[in-house]
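Residue numbers (my numbering), protein chains in the order written: chain A, 1 to 373; chain B, 1 to 337.
Since the hints were derived computationally from the structure, they do not count as laboratory data. Incorrect hints may appear among the rest.
To be verified - Below, computed lysine-lysine pairings styled on BS3-like, alpha-carbon distance capped at 30 Å:
id : chain 1 : residue 1 : chain 2 : residue 2
1  : B       : K295      : B       : K184
2  : B       : K52       : A       : K176
3  : A       : K12       : A       : K113
4  : A       : K27       : B       : K110
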Amino acid sequence: MSAGVSAVTMPKWGLTMTEGTVVGWLKQQGQRFAEGEEILEIETPKITNVVEAPSEGTLRRIVAQAGATLPIGALLAVVAPDEVPEAEIDAFVAGFEVPEPSAGEKAEAEGIKPRDIEVAGLRLRYLDVGEGDGVPVLLAHGFGADLNTWMFTQPALAAARRAVALDLPGHGGSAKEVGAGDAESLTDAVEGALGALGVERVHLVGHSMGGAVAALLALRRPDRVASLTLIASAGLGPEINASFIDGFVRATRRREATEILSLLVHDPALVSRPMVEDVLRYKRLDGVTAGLGKITEAWFGGGRQSLDLTGRIAELAMPVQVIWGRDDRIIPVAHAEALAARLPVHILEAAGHLPHMEKAAEVNRIIEEFVRG
Amino acid sequence: MPQKSIRQALNEALAQEMRRDPTVVVIGEDVAGGAATEGQRDAYGGVLGVTKGLFAEFGEARVIDTPITESAIMGAAAGAAVTGLRPVAELMFSDFFGVCFDQIFNQAAKFRYMFGGKAKTPLVIRTMIGAGRSAAAQHSQSPYHIFTSVPGLKCVVPSNAYDAKGLLIQAIRDDDPVIFCEHKLMYDLRTEVPDEPYAIPFGEANIVRDGDDVTVIALSRMVHYAGEAADTLAKEGIECELIDPRTTSPLDEDTILDSVERTGRLVVVDEATPRCSIATDIAALVADKAFAALKAPVRRVTAPHTPVPFAPVLEKLYIPSPERIAAAIREVHGYAG
């Protein structure tokens, strides 16, 4: 077998993924590509994502056609230099076997389950993965979301360090009581969780409302925060799409939820039916609507953001960066642009309010480089 | 998330609603559980174990055993509902509705209207449906279409434990009488069910699987048979969109029509007899409102218009099978006009 013949296989994104569906190929058979170029789109139970080329090469053979649903690790395509003969590609395809996970990998996969901790009498769910010498990362999701929003982010960051994703009070698998539901109370919960998890110093990554919570925690405990990454963050200006917030709180049916959730992304086709179903299942739980209502009132009462940390963020001594989607329809990209003179600001094209899901590889790269220091 | 059976999911829904709201009471034959050894009155937890533990926790004022008289159970429950309680009454076999239909059909269903909106009737009637246990013609029917046809009643026909819990909680909180139909062969069927209480709105179908070729509508146990058929057909390259309406009244017409507008082909699967049935009702709905989208005749896969046979071989033939469903889907898919 010649060197340089490699397989493109079905990736595993997030906890619940066991198989994926090939949506379509973005490169033709026989086409050359550079490292990092997008090769194909895969639909997962949550959202559609692109697979990027791990290195440069030629897409010699497409094995899985659009529409095929295959288990993780299944062969999707063969990449090899142009000079490798066709017969060898045939042999590679014929000889390919989905690698059986080792006992250790199986045990690890079994062990990767969200757990609960108690913080000030409140049950909080978290997912703790990865180990290594690096300072741990804590991921804080946005309004109405949960730790699964980090399904593409957390595994990448966990390669070199501990990466913890938390469900905020009132969200995901955490208790549905939110207390006052305001910025201070949510920040208390995250600070308490860090203590309970024995995390001394941490890189904070926050999305939307979770960004504002991360920023408040960094202001409160600068000694413990190594860096701050704000993704499409709240707390950086008064504007917010109030009809999204209200619609999200009100939606009980698939049709209205689908319409509302499509506001989150640049390409509405990314919002899959299982993603909508997950949101509805969460929203049906007793206490969720009341909790979200309280949070809405405290954070976004009157259709404006009540928290503006723009001035105070300049006081922070640790590295701070901002990531935003150009087409964000929830919090305007202008909030990021206004900070560009003072902080590193990454604005991603063709992305909406979920750049960490819509442009996962790019966002992962930006965060990995940043936390590596 | 924990896996629970339909039996556990229903039990959890009852217990959680009884804890939340002291006006929720359970009434019926053997709901306290049936006496066994002395001092253990809920040994069985009802004939199928659904009410296990309720008597011990809530006592005899809220878990009320009755004589074998359906008319008294339904009459008492309807009266209790209209005077401030939220009774969950058990009609053990739906086949027995005939002896208490005045209380359901002409009383509970009509109170809101007869009293000019001044009365509400938050009554739930849990009842078993379904063939498959050689229980013969008087204990094997699926008459949810009869309840569906009565204005003033709502009708729920769940197919899995997640839906069973959320729909029963919604039924208890609903201010109108709800007939809640449990298939007697599905109590042990398990799926992921949250520990927390949650309510699923009525009139919101569940899309069990997505597909662009043929729309398949099924209820209760038939959802699983239709799912098996869809698995087989997927290997043949036919992608079914499988829709479980979950409630037959109200019926989520939009989800059904949206799907048929896209696929142009419809198969309806129903364990009940075909005349004036849900299958017939949905076929008529689509003929009426989506005729122009249809590329093939609508096919119904149902029981025949006969009583349910006792003989196991005949009963097996009587119930729509995954093979019969698959054959109907193939025919509708291959129809060229």
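Going down the list of hints, with the structure as the test:
no., hint, result
1, K295/B - K184/B, "37 Å, violated"
2, K52/B - K176/A, "28 Å, holds"
3, K12/A - K113/A, "15 Å, holds"
4, K27/A - K110/B, "64 Å, violated"
Violated hints for the displayed structure, listed by number in ascending order: 1 and 4.
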